[in-house]
Amino acid sequence: MKKLLLKSLFGLAFIPFVGFSQVNINMANGSTTTCSANFYDNGGPGLNYSNGQNLTHTFNGAGGGSPVLTFSSFSLESGWDYVRIYDGPTTGSPLLGVFSGTGIPGPFTATGTSLTINFTSDG
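Each position in the sequence shown, counted from 1, maps to that position plus 250 in our numbering.
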């Protein structure tokens, strides 16, 4: 079974990596089915994330694979901005954790075929 490996630079940037050509995705509401991706905050690879965000993105493993999320770096305004990671296709799926600050969380492996990431930032 294939696994989607998401290496995240969380400034808020997710940089998923596997030995395939990389797709770049900025944080936005929606979903992606892929074997590999670079997943960044809504500022992309060169800018900071925006205030007042509440975005949810689901990664589905291509070919029924189980996504894996690994952060390369993590930097959020502690106590005000959060990332929530869910083991499944929605924010109603089991919560794997809520993260803020600069400690690098994870890695996280889906038990099924989806991981959902919710990002909220204060105003």
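Among the hints, erroneous ones may be present.
Unchecked claim - Okay, the calculated beta carbon distance ranges per label pair:
hint, residue 1, residue 2, range
1, P295, T352, 25 to 33 Å
2, G313, G353, 26 to 34 Å
3, G342, P295, 29 to 37 Å
4, G373, G314, 20 to 28 Å
5, T359, P295, 36 to 44 Å
6, S323, V348, 16 to 24 Å
7, A312, G373, 33 to 41 Å
8, T340, A312, 27 to 35 Å
9, G362, N298, 26 to 34 Å
Quick caveat, the hints were computed from the structure, so don't treat them as lab data.
Ideal Cβ positions, reconstructed from N, Cα and C, are used throughout, including at glycine.
### Query
Honestly, which of those hints from before does the structure not fit?
1, 4, 5, 8
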